[in-house]
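K.L.:
As a plain string of letters, each chain reads:
Number of protein chains: 2
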Amino acid sequence: MQRRDFLKKAAAGSIAAGTALGASTAAHAKAEFKWKMVTTWPKNFPGLGTGANNLAGLITEMSGGRLTVKVYGAKELVPAFEVFDAVSSGTAEMGHGAAYYWKGKNEAFQFFSTVPFGLTANEMNGWLYYGGGMELWREAYAPFKVLPAAAGNTSVQMGGWFNKEINSIADLKGLKMRIPGLGGEVLRRLGGTPVNLPGGELFTALSSGTIDATEWVGPYNDLAFGFYKAAKYYYYPGFHEPGTTLEAIINKKAYEKLPADLQAIVMNACKVVNMDMVAEYAARNPGALQTLLNKHKVELRSYPDDVLQQLRMASQEVVAELAKKDAFSAKVYASYQKFLEDTVAFSTVSDQAYLNARAENSA
Amino acid sequence: MQRRDFLKKAAAGSIAAGTALGASTAAHAKAEFKWKMVTTWPKNFPGLGTGANNLAGLITEMSGGRLTVKVYGAKELVPAFEVFDAVSSGTAEMGHGAAYYWKGKNEAFQFFSTVPFGLTANEMNGWLYYGGGMELWREAYAPFKVLPAAAGNTSVQMGGWFNKEINSIADLKGLKMRIPGLGGEVLRRLGGTPVNLPGGELFTALSSGTIDATEWVGPYNDLAFGFYKAAKYYYYPGFHEPGTTLEAIINKKAYEKLPADLQAIVMNACKVVNMDMVAEYAARNPGALQTLLNKHKVELRSYPDDVLQQLRMASQEVVAELAKKDAFSAKVYASYQKFLEDTVAFSTVSDQAYLNARAENSA
Chain A
1 MQRRDFLKKA
11 AAGSIAAGTA
21 LGASTAAHAK
31 AEFKWKMVTT
41 WPKNFPGLGT
51 GANNLAGLIT
61 EMSGGRLTVK
71 VYGAKELVPA
81 FEVFDAVSSG
91 TAEMGHGAAY
101 YWKGKNEAFQ
111 FFSTVPFGLT
121 ANEMNGWLYY
131 GGGMELWREA
141 YAPFKVLPAA
151 AGNTSVQMGG
161 WFNKEINSIA
171 DLKGLKMRIP
181 GLGGEVLRRL
191 GGTPVNLPGG
201 ELFTALSSGT
211 IDATEWVGPY
221 NDLAFGFYKA
231 AKYYYYPGFH
241 EPGTTLEAII
251 NKKAYEKLPA
261 DLQAIVMNAC
271 KVVNMDMVAE
281 YAARNPGALQ
291 TLLNKHKVEL
301 RSYPDDVLQQ
311 LRMASQEVVA
321 ELAKKDAFSA
331 KVYASYQKFL
341 EDTVAFSTVS
351 DQAYLNARAE
361 NSA
Chain B
1 MQRRDFLKKA
11 AAGSIAAGTA
21 LGASTAAHAK
31 AEFKWKMVTT
41 WPKNFPGLGT
51 GANNLAGLIT
61 EMSGGRLTVK
71 VYGAKELVPA
81 FEVFDAVSSG
91 TAEMGHGAAY
101 YWKGKNEAFQ
111 FFSTVPFGLT
121 ANEMNGWLYY
131 GGGMELWREA
141 YAPFKVLPAA
151 AGNTSVQMGG
161 WFNKEINSIA
171 DLKGLKMRIP
181 GLGGEVLRRL
191 GGTPVNLPGG
201 ELFTALSSGT
211 IDATEWVGPY
221 NDLAFGFYKA
231 AKYYYYPGFH
241 EPGTTLEAII
251 NKKAYEKLPA
261 DLQAIVMNAC
271 KVVNMDMVAE
281 YAARNPGALQ
291 TLLNKHKVEL
301 RSYPDDVLQQ
311 LRMASQEVVA
321 ELAKKDAFSA
331 KVYASYQKFL
341 EDTVAFSTVS
351 DQAYLNARAE
361 NSA
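Residue numbers (this note's numbering), protein chains in the order written: chain A, 1 to 363; chain B, 1 to 363.
What you were told as hints is all true, and nothing was included just to trick you.
Which copy is meant is left open, because identical chains are indistinguishable; a pair holds if it fits in one copy or across any two.
Quick list of in silico lysine-lysine cross-link-like pairs, DSSO-like style, CA-CA up to 30 Å:
id : residue 1 : residue 2
1  : K252      : K70
2  : K229      : K173
3  : K331      : K295
4  : K70       : K34
5  : K232      : K338
6  : K338      : K297
Don't read these hints as lab results, they were simulated from the structure.
All values reported here derive from a predicted model rather than from experimental measurement.
The following block holds chain A by itself, in its conformation from the complex (with noise of 0.2 Å):
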């Protein structure tokens, strides 16, 4: 559409929508721009969903409905795994999703959702906003025509669910985990046999001893699933996914179509999901760790020290290897690692140190 038809569209819808919406501006004409936002999750996914679900309102709410999002579940417009391809194509303009789903385009970009060990959400935040990372981030997009804007994370996971204990490293030998991504790598690496299964045969997997252990998310999103019926025991840290952000990804040609209010509505409200997410399951977590450990009776175990202190060392090494791809890993590794490295530093005299003086003499 014209400027100049939308400026007269504009103003005769507003009026007479006027009537009905009380308060009213130009802006609440009818939708000048109407967009898909396709998502690899399934549809209204309490947090992953549900946030996708907030970002598409929010566009809404605060263009005053000059751009609307119509948000599609996976397989609802295309599959899960085609959704960054549908929107480099157009068949999207908009997507939600998580980075490392696309690491068969270039592994380095499962830096811009997660690493083992690596960072924590806010610290993510930190590279990504404040530390070049979303400048390495758009790059890595750029040849696809697809813009990225962090929005979502879902903080520290847990550990996960298992049928068998972890006592030492040598009981990690064998042990059939659904676990994806470089978190997997880490385990083979250990000698174990990762498994990539979607989210909904998980319970069915781990209740017939298909597999022996599968990660998830956190308390709020395993209570839901029931994993406590088919575990014996909920492990943790999630050394494997420390703040995994999620992404929407933006046809390039359809976000230069808008004004430049509207641009910045759309990357704000990204924003604004980013954090709200983070909050939603601050909130949600604790309540559901307490009905797990209190209702459902389970049990709560540590990674012992050696295992974890074992893990890292895998991780680092199965991080470091991402870096010898090409010239771009290598570039995207080094702005991560000294970040991190400058970060971890920090966190022992502020975010770690807190923690543990508020919880050692909580008892």
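Take the given structure of chain A and dock chain B to it, following the hints.
P.N.:
Same frame as chain A, now just chain B:
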């Protein structure tokens, strides 16, 4: 301005501006609303003041200039501690500060900024957005016709700058420390003398021996103030301010005059800044700490464990006493305390466990 008038002007303004601005819609009208934002910070103060600037900029940008916000530093329009009253009376439509500055109106306001040994930034957001906190905060400010929004967070602060060693609880006796609010009350209970001084006077007071110690924010802000030149030791963690929520306050009448899309833009811009400031500190603090340690040879020290334990017990007393002031304070305390207890239990298997695993193995 009436809506119809605005529509005409919007269309005219947009067409006129369109040539220069490129892509433009009806939203690029002349400002329909011009707001003033008074703040408790020195103009452009890094992190806090620049956060207020960001907030104003985001609102202007997302509204396509329909709502502009001019930022005033402390004393430019009103003194820092009159910001709340200025927004309440409508002298300014908006303010940026922190709830604990207004504890003279009700001590319970402090729960909406931070309390010693309380919630971290993400946990605060969990309580506010999904745990009932925002509803209580709105109730707290309702008699003043002021709407609150979380709009920034300093994250876990540092303990502060000391010219006396803290080796045992006895070393707190007689300690003259600049530490305002509840942290100061905790110090007083352990025999110290809390002093309240504005930031600009701290360096001189510390250099001259007028005070023995001062807390401020964290490495990024502390480095800029040059405290390393005036103090021997840099203590951690900042038990007294584990995640101070900054606030935007909005005159209710001014807010109600906005159409729904601008209301959504104002409230969501606050959420963006709420997240963004945490990201900025996460990115800038680690490097500033490295500079303090490596270039300025600052001596970093942890409060001893038994001192932290005493501080925590005193903090619990001080915070619990807030609940006894009145029925509203009791209600806020009950909500906050329940959330805190569940959260601490979760953090021990989540954030805390992860940060320990990441750091313990990093040697």
